[in-house]
Each structure stands twice: as C-alpha cells, then as structure tokens.
Amino acid sequence: GDSVTQMEGPVTLSEEAFLTINCTYTATGYPSLFWYVQYPGEGLQLLLKATKADDKGSNKGFEATYRKETTSFHLEKGSVQVSDSAVYFCAPSTGGGNKLTFGTGTQLKVEL
Amino acid sequence: NAGVTQTPKFRVLKTGQSMTLLCAQDMNHEYMYWYRQDPGMGLRLIHYSVGEGTTAKGEVPDGYNVSRLKKQNFLLGLESAAPSQTSVYFCASSYGRRDYEQYFGPGTRLTVT
Numbered sequence: 117g118d119s120v121t122q123m124e125g126p127v128t129l130s131e132e133a134f135l136t137i138n139c140t141y142t143a144t145g146y147p148s149l150f151w152y153v154q155y156p157g158e159g160l161q162l163l164l165k166a167t168k169a170d171d172k173g174s175n176k177g178f179e180a181t182y183r184k185e186t187t188s189f190h191l192e193k194g195s196v197q198v199s200d201s202a203v204y205f206c207a208p209s210t211g212g213g214n215k216l217t218f219g220t221g222t223q224l225k226v227e228l
Numbered sequence: 016n017a018g019v020t021q022t023p024k025f026r027v028l029k030t031g032q033s034m035t036l037l038c039a040q041d042m043n044h045e046y047m048y049w050y051r052q053d054p055g056m057g058l059r060l061i062h063y064s065v066g067e068g069t070t071a072k073g074e075v076p077d078g079y080n081v082s083r084l085k086k087q088n089f090l091l092g093l094e095s096a097a098p099s100q101t102s103v104y105f106c107a108s109s110y111g112r113r114d115y116e117q118y119f120g121p122g123t124r125l126t127v128t
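Residue numbers (this note's numbering), protein chains in the order written: chain H, 117 to 228; chain X, 16 to 128.
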C-alpha cells in the first residue's frame, strides 16, 4: 500500500534558521502531494500542495517541489519563526476516494 | 462559515459502552473521512464516504461503524468501546477531486477506561 517516510522529530531550531523536513513516499498512480500543519490542540490545516511533477507549492514562506523521479516532496523555509512551532505532515492523495496517507509527522520546535 | 465541526470535543467512556461522534460540514463537500490520531503513528483512516448514502472501509475500520444519511453529516459509531480506541478522532471533508485538499475538524478526544 501507499506509505510516507518523514524524518523523525523533534527538530529544534533557533529563530531565523533554515528549515528542511524530508518526505519520501510510495503511492499508486499519480498522486497529488500535500503538506499539512497541526498546531497544539488543533486539527490539521493545509500548508501547501502540488498536483503534478515539478510543481512548486508555497505558502507563508514554506516551499516544496514535487519530484516524481525521486518520489519526494521536501518542505523548506528560509527563516523560521517561533510561531512555526508545530507538527508537520506530508501526505500523498491517491486512489478512489482521494484518500490521504500520512506519515508519523515531524515536530518542529523553534526557540529564540 | 463554520467549515467542519465535530461533536463532542471530549468524552470519557467505560469499556463496553457505546457512543456516536458527529461530524458536520457546511461546504457542500461530496467526500467525508474519519481518522484517528495516536502518538507516534500519524493519522490513520477509519472509514470514508464518497457521497450521501455511501461508506467504505479505510485502514483501521474494525470496531467502528459509520453512516452518511445526509450529505453534510458523517457519523462515527463505537458499539462496544475498548481501551484500544482511546485516541483523538478527526473528521475531514473534500470536494473529492484529485487536486483538492481535505478540510479537517478540530478533533474529539476520546478516553476509554
């Protein structure tokens, strides 16, 4: 079945540091790719998405590029803020029902 | 615009009791989903629906039943709760197109003692 591999957390960074969270996936067909963010005590919110190869999704300074040849969708941000502290989930969407497959998530902690 | 709402927010059950979680969406979405979130395991799909009157099993359906009698509502039932069902439950909805995201509710924290 479909699966997602994300780097283990927690990832702890200083404010204004560069962020990379790696994501690789296996999926049947041609998935759309999503990054979701979950702040403490809340549900998941869409951060960004890409729907075809070489597309770049971006939002709030975060970016990720759909790399079909390496089945990857790594998340990057040039300068993180304390308010970016959250859990980040990479998820391909495939199959009947456009179901999302989640990895374990990567917890990010940003310190002053 | 409320988006996706879930009722209740918190619940404590004793083993063997039953309960129903309600999910409602006001975006006229065709597809709806129930997930559970456990520490270190991400989110796992329990059941989903691609339209009013239809349901299908996800990754972890055992011990749960669902119904989609109205397009805007998706109910998740536990007939005989077990401690292994202690979790946070999230509902989501979507237009169902491949390129369209799912919108999530705020979650229900369920504890089974």
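None of these hints come from the bench; they were simulated from the model. Yeah, the Cβ is synthetic: ideal placement off N, Cα and C, and Gly gets one too. Please note that the accuracy of each hint is not assured.
[Said to hold, decoys possible] Stretches of chain X that chain H covers, calculated by requiring three or more beta carbons in the stretch to come under 8 Å of a beta carbon on chain H:
1) 61 to 71
2) 82 to 94
3) 98 to 112
To see whether the hints hold, each was checked on the structure:
1. 61 to 71: holds (count 3)
2. 82 to 94: Not satisfied, violated; 0 residues make the cut.
3. 98 to 112: That given contact holds, which follows from 5 residues of the segment 98 to 112 of chain X lying within Cβ reach (below 8 Å) of chain H.
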